[in-house]
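Chains as they are written, first to last, in this note's numbering: chain W, 1442 to 1801; chain L, 337 to 588.
Keep in mind that the hints were calculated from the coordinates and are not lab data.
Treat the hints with care, since some could be wrong.
Below, a sample of chain W positions facing chain L; criterion: calculated Cβ distance under 10 Å [stated by the list, open to error]:
| hint | residue |
| --- | --- |
| 1 | Asp1471 |
| 2 | Phe1510 |
| 3 | Thr1512 |
| 4 | Cys1513 |
| 5 | Val1516 |
| 6 | Leu1517 |
| 7 | Phe1645 |
| 8 | Thr1651 |
| 9 | Val1654 |
| 10 | His1660 |
Built from N, CA and C at the ideal position, the CB exists for glycine as well.
What follows is the residue order along each chain.
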Amino acid sequence: MAVKPIQGEKRVFMTGNEVVAWAALAAEVDIMYGYPITPQNEVMHYWTRLAPKYDRKFLQTEDEISAGFTTCGGVLSGKRAFTATAGPGNTLMQEAMTMAEMMRIPLVQVVQQRGGPSTATVIYSQQEVTMTCYGGNGEGLRIVYSTGSHQELFDYTIKAFNIAWKYRFPAFVLGDGYQAKMRESLNIYDPAEKGIEIVKTYPFVGLEGTPGVDREPNHLRNTYNTEEELNLVVNELVAEYEKMAPEIVEYQNFNTDDADIVIIAHGIVTRAAQAAVKTLREQGIKAGHFRPVTLRPFPEEQIRAVVKKAKKLIVAESAQGQLRKLVTDAIYGESVPLENYYKPGQGITAEELVEYVKGL
Amino acid sequence: MSIIPNMPKPWRKETKPHKFCPGCGHGLVLKALGEAIDELNIQDKIVFGCDIGCSLLSWDFFNVDTVQTHHGRTTPVMTGVKRARPDRICIAYMGDGGGYAIGSQHLVNAATRNEKITVILANNCNYGMTGGQMAPTTLPGMKTETSPYGRDIEETGYPTQGPEMVAAITQERAYVARGTVANVRQLKNYIKRALQTQMDNSGFSFVEALSGCPTNWSTNAKDTWAFIEETMPQYFKVGELKTPVPKEGISK
Chain W
1442 MAVKPIQGEK RVFMTGNEVV AWAALAAEVD IMYGYPITPQ NEVMHYWTRL
1492 APKYDRKFLQ TEDEISAGFT TCGGVLSGKR AFTATAGPGN TLMQEAMTMA
1542 EMMRIPLVQV VQQRGGPSTA TVIYSQQEVT MTCYGGNGEG LRIVYSTGSH
1592 QELFDYTIKA FNIAWKYRFP AFVLGDGYQA KMRESLNIYD PAEKGIEIVK
1642 TYPFVGLEGT PGVDREPNHL RNTYNTEEEL NLVVNELVAE YEKMAPEIVE
1692 YQNFNTDDAD IVIIAHGIVT RAAQAAVKTL REQGIKAGHF RPVTLRPFPE
1742 EQIRAVVKKA KKLIVAESAQ GQLRKLVTDA IYGESVPLEN YYKPGQGITA
1792 EELVEYVKGL
Chain L
337 MSIIPNMPKP WRKETKPHKF CPGCGHGLVL KALGEAIDEL NIQDKIVFGC
387 DIGCSLLSWD FFNVDTVQTH HGRTTPVMTG VKRARPDRIC IAYMGDGGGY
437 AIGSQHLVNA ATRNEKITVI LANNCNYGMT GGQMAPTTLP GMKTETSPYG
487 RDIEETGYPT QGPEMVAAIT QERAYVARGT VANVRQLKNY IKRALQTQMD
537 NSGFSFVEAL SGCPTNWSTN AKDTWAFIEE TMPQYFKVGE LKTPVPKEGI
587 SK
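One chain only, chain W, in its complex shape (with noise of 0.2 Å):
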């Protein structure tokens, strides 16, 4: 057997696009298809040097439409592959991603949002959250994690790879240009290590057997001629994901309890809300957090739980109300005020948060 990329663990000082190729070594992908994009350009960078090291492969295409659907075929194949984009990159995939919540193909796509609309900024942002989670003419059966440190990164990567494969839904990390760009200390690990199991990888085409004689052959459709007949290819689908959705969402509540006022934030504003929250208590004002991990399946029951107990909600986003419209819609009919705290591609911090709730 190889060597494994990662013997046990170590703290290491990396750029959050080289943490990614880690992860995507040490959870065992067995090849990546991508197509340059600022902010996500260095996944690729360390994947192509590290790679041919452990018997992985890389291709690059000729665009996002392209890197998406080969990886559909790398996958379709029984391998564990994955891309990662941003952006318009982003855009372009989403036709792919189709395609995989239809045939059900788990494959892993990195995000490293920047600004937008259109070409825009490539620093920084979270506003491809709707994308992410909806896009594409479908109805969003995808797990989108949404992480917030070079930490979670590493952690969320390789278990992006094993929940695909151990439901058969396409996953999402979602991540953002700070996260891709700047250094922070982490530890990254053989998953092993942690008693983490890399899920078994199967084909769906090309299977062993002359189709006919041996076996049947695997005739994967994704056209249906009548609306009966879709509708209940969805609803079968979505039975899958709701059945689902309980065993895998993810969140974190910081000192919610006793909360009056709670900031609801995702990403990497996770980060300034946190530190806000602890500001605002320093002073005697009753803030709390509420952290959505999973975007989508979006934690419903455990925001509602929350804010039901508090007085007033603020959603924080670096986008105009992308992340709001996933809380409205998960907490319909609740009464508490909600305030919004909108920046559409730019950064949040700590201070500015503080100042804006006292400010109410």
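Following the hints, complete the assembly by docking chain L onto the known chain W.
Below, chain L without anything else, positioned relative to chain W:
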């Protein structure tokens, strides 16, 4: 006494008669492909991807593992399979719209990268499934639903010369040909050489097949064949454009 036609081994009886329109060329292209698979004895190694458009109806045509993709995206899906599983023989099956319009960037780049896959493209001069619109391959002056007064080359250019383009951008070890459903034996040999090119890990392989669409051409049997045999070859020259495989040993 009845004559039972000799069908290729992968022919899936349960899904016959096939779902293409009467007179459609797809059945003949696929029969040629089936015979090529038989002669090379590779049924157990095939991964077949079909595009969206009429070609999607081939999804359950054969006893081979098959995947329906999206319109234009069959080349990357098969590229993805082949890169991950080089021991499989990957066939991307599409129409002229899927290959030369919406998926042209994939065809060009797969050809340039010398992907070890086989693309088989049925050229019937129009978009069949969507109701007969103008395609990249629509002939000058030809009437379609979106060129009701005839294709105006000043407005929309000349028909795409697919194999000529692919031959120009591929490496020496690639295989490129244009066959026709009017000569199934020749088409079978072209497809066979294309598959052999992939099996030899030699290079990209591409076969365009001139095909008929009587439904959208609004032609009877006689006029359909006249169009395929006489009109189309005036623009689309039948023959091999690039041959890496030694011709010895393969019957013409």
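**OP:** Tell me, in ascending order, the numbers of any earlier hints that this structure violates.
**Re:** none
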